[in-house]
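Line order of the protein sequences matches chains A and B. Residues 2 to 292 (the working numbering) are what the first sequence spells out, left to right. Residues 4 to 417 (the working numbering) are what the second sequence spells out, left to right.
Incorrect hints may have been included.
[As the list claims (entries may be wrong)] Derived pair list, reagent style BS3-like, types lysine-lysine, alpha-carbon separation capped at 25 angstroms:
id, chain 1, residue 1, chain 2, residue 2
1, B, 417, A, 135
2, B, 223, A, 135
3, B, 382, A, 135
4, B, 354, B, 72
5, B, 337, B, 33
6, B, 384, A, 135
What the hints contain is simulated information worked out from the structure, not anything from laboratory work.
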Amino acid sequence: MFSMDLLLGAVVLGVLLGCFYAAVSVGLSVSFGLLDVPHVAHPAFLVLASYGVYQLNESYDIDPLLAGLAITPLFFLFGLLAYRVYYETFERRGSDAGVRGIAFFFGIAFIIEVLIILQFGVDQRSVSATYIGKSWRFGEFRIPIRQLVAFAVALALTVLLAVYLSKTFMGRAIRAVAQDEEALRLMGANPVRIKQFAFGIATAVLGIAGALLIIVAPVEPTLDRAYIGRTFCVVVMAGLGSISGTLIAAIILGVAESIVLTMFGASWAPAISFAMLLGVLAVRPQGLLGR
Amino acid sequence: MKRRTFLGGAMAVAVVGQGSRALAQQPPIKIGMSMPQTGGLAGGGKASLLGIEIWRDDINAKGGLLGRKVELVVYDDKSSASETPAIYAKLVDVDKVDLLFAPYATVPTAPIMPFVKQRGLLLMGNFSFQVNSKVGHDMWFNNAPWGPADSWAASFLDLAQKAGGKNMALLTADQEFAQNLALTARDVAKQRNIPVVFDQSYPPNTVEFASIIRALKAAKPDIVYVASYPPDSAGILRAVNEIGIGDDVKIFGGGMVGLQFAAVMSNLGSLLNGVVNYNTWLPEPSMYFDGTKEFFEKYTKRAIEAKVDPLGYYLAPFGYAMGQMIEAAVGATKSLDQKGIAKYLRENEHKTIVGPIAFSADGERKETATLQAQFRGVKDKDIEQFRSSGKQVILFPDKLKTGNLIVPFEAARK
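Excised from the complex, chain B in its bound form:
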């Protein structure tokens, strides 16, 4: 080897070595969040976090964001609204994170909205419902498919009216999320002249629903809209099965939180049949986009070790999609400037594993992609059955529809 060639080669190795050392020495991009890992919202919080972690691992395997590794800084907010303001202040002022993700659900998110607005920080929302409607923060982007506030109740009542429903009963948990749903349901019913013949809220920790269901049945409604939280959803359906709900009821469900989670679905088994309820992702043929299948392959493996929801349909892919949107925005703007990222997110449509996402001015989806689906042919004690299509037939939105509503509710239960 000539001396010049050897020197040249040695220098090249040295330069490359220095370059890679410089990349490795760059600090990671820190994304901070709280997540319910204990308390009532923990089941959802853990699944959501696993979705985000899978995105982190995927992006880091591809070389990170802007050539820097992505690191998640996560604290448990115990499902409590009182914990999150202090956690987010710490994330910003002590941990100095670069970007913020919101915790799963409305209750822990609502109290941090004034803080992020005051500080002018970008916040990627994680399945909150209408937390920005009064705050009006222009750097808030919700990953949930809810869309306009009234679309949730409107889609359910559309189905109900088409099935011949003329009056409505409303059963609601005394929780912010459920109350927001009930509020929009009352408004939509009023606009359409649907009389509300039963309207009751029940407090958290209600043990027995038999008495409430008896009172509801006595009102003889033909549309029953239920906005409940996970611990109650199971109790309500059990009571409906035991007490009966009446032959007049055309459609039952709408906003029952809990029926999206594998453990609850498996516990309830055949009691679910006939219920029409909201959902976000289901293993129906219309729901697969680029990367969806691969994501669920990874999720299914990791969910077992992490002891989280083995199906993970409801939240996990949207946690991943939240990361994908940040990946696209940071990649396009080539910076971590939060105003620039927010502008990009607002002005573009984003390809994700849960389909294309575009935001309106309030940071919610331009168009609702919230599914209304009817449980069919569900057997007892079998989680695996929910992995196949046809167990939750999508009735709304039209472009994702995979079947028609079976009425009345009692017939659909058989």
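If we strip away everything but chain A, and leave its shape as in the complex, we get:
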């Protein structure tokens, strides 16, 4: 049964969902897209961040977004440490090729999952805030406020990161290391330190993304598995390393998912998302905005 109202609603909700997908994927766009690190633990880091936000919200009644901001420096340090361990044990020895690098991050993801279970148990956790559970009405149409919040914050986060990478000295250095590490070394810069810093940035943004994750829906320790496909799909479809591409790809994915959920039946949603990825790669193997 086709209805213009339903289609319009699906597009609006899809754009909101897409921006949220961009926020949870943008860190991976830096770590995997720019640095070539097979960071399959990215969604596990994300879930860890949302548990951090949960802890601050539960214990001190801090707003989830502020809590996300508060853990961002910690996640920056965590990112620096994680990359250093990865570099020393894999990259430096040249043993990061193929599945070995992936195995390292899979291992980290499992360790994080187990640590969360030990600390918080297996139950779902959620946060409370004034904007969760309410909606804005436009006539008959209602939009969940938590999704509007996620949309605004996600948009701001993505734009800020895009500006940082293109306008600041360090941001340009990160892009340079992604383009030609050897050239950077010849110019006297230390590419490992730049990559480590970039990985720190990629992990730091997960503080905010983790807050959005737990604002949008309750979290549980194994939730990372649900996001591993989506985040990699967004980053690859966007074109590796393209931040604005990440936003566009995520919105396309969100809108497609929402239209399919509303108009055709929920069972098709994952298939359509990945079919779109394959379609984009067939026409533009470098992704939407990839070079």
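Add chain B to chain A, keeping to what the hints say.
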């Protein structure tokens, strides 16, 4: 002391000593099982296991089964159907357990049914839904109160029709348990000429339900039957609260897994109000039997250290009841002969802390004892409120009923 008396006394002490040493030396009775302790079903699995452990400790304090201690051999199946066949083969062939309990839930249990049937082993089911319907194993006994396959949907639709419901929307998770529920709901609706105006399954890992709820609302149903899994139940109710479901809806819920667990109930708080959902045990006056109160006193203390569901209503007492049934059957047959135990379980009614249990030929309850209850007056962020009666009023079955349905759904939510 005369010499004869002293000798007699010494001999008596020696005999008693030998006797108790012989008892202590008897190997324990091993009960083997897998249990989801990680993954999506872990919340339920851990609570169920705690119920079984409390029974083990109680029976061991009473001297064990057949004078032997009871020992549990438990492996984590990670909530996965692919893990359980190997675990159960190991339990039987390597660990040589005496009896088998099934893991919590349908998904991990289904793949071990052919194995136990082929080997002729007794399997005490643990909250599976219809896993024996096609296998037809005559040594399967499910501890869950489900009863006949269609009774679950039938009881919900009974309530819905009495409230004036005439057409139905069906929202189902793409999981075996939920799909089985949906199948019976479609059948019952067809028998009663209730048109299904919306019928959608959603895949696991669906993040956002707002779009689905909008589509459901557009179909203007007056009965909404939802068969969902824990991660989704919270998302669905949140979306219903935000998007609205329409004034036509008389009754909403039915088969939402998750709303039986303390953490989910506490998270959702007032969003639960009005939802009519299945349950197995609730702290309503009609639900207390011999030993129920004592069981929950022990459970409440141990749940804190074990970091499991602090309420434990849904699964834990049924884990204990599973042990009670084995205790009664082994006690009556005075052996561990699995065929004899199965015969006893099939032919008798068993007194347990969740009420009397009698099995039909397929190993499910003869009569359903699955509750349909409506959430009322629930406040936000308060687990303790669920310990008092009146928060989930039992509407079905009649003999356990503690109140009447409030309609429509939007009115019941206030």
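Cross-check of the supplied hints:
{"no.": "1", "hint": "B/417 / A/135", "in the structure": "holds (15 angstroms)"}
{"no.": "2", "hint": "B/223 / A/135", "in the structure": "holds (22 angstroms)"}
{"no.": "3", "hint": "B/382 / A/135", "in the structure": "holds (16 angstroms)"}
{"no.": "4", "hint": "B/354 / B/72", "in the structure": "holds (22 angstroms)"}
{"no.": "5", "hint": "B/337 / B/33", "in the structure": "holds (16 angstroms)"}
{"no.": "6", "hint": "B/384 / A/135", "in the structure": "holds (17 angstroms)"}
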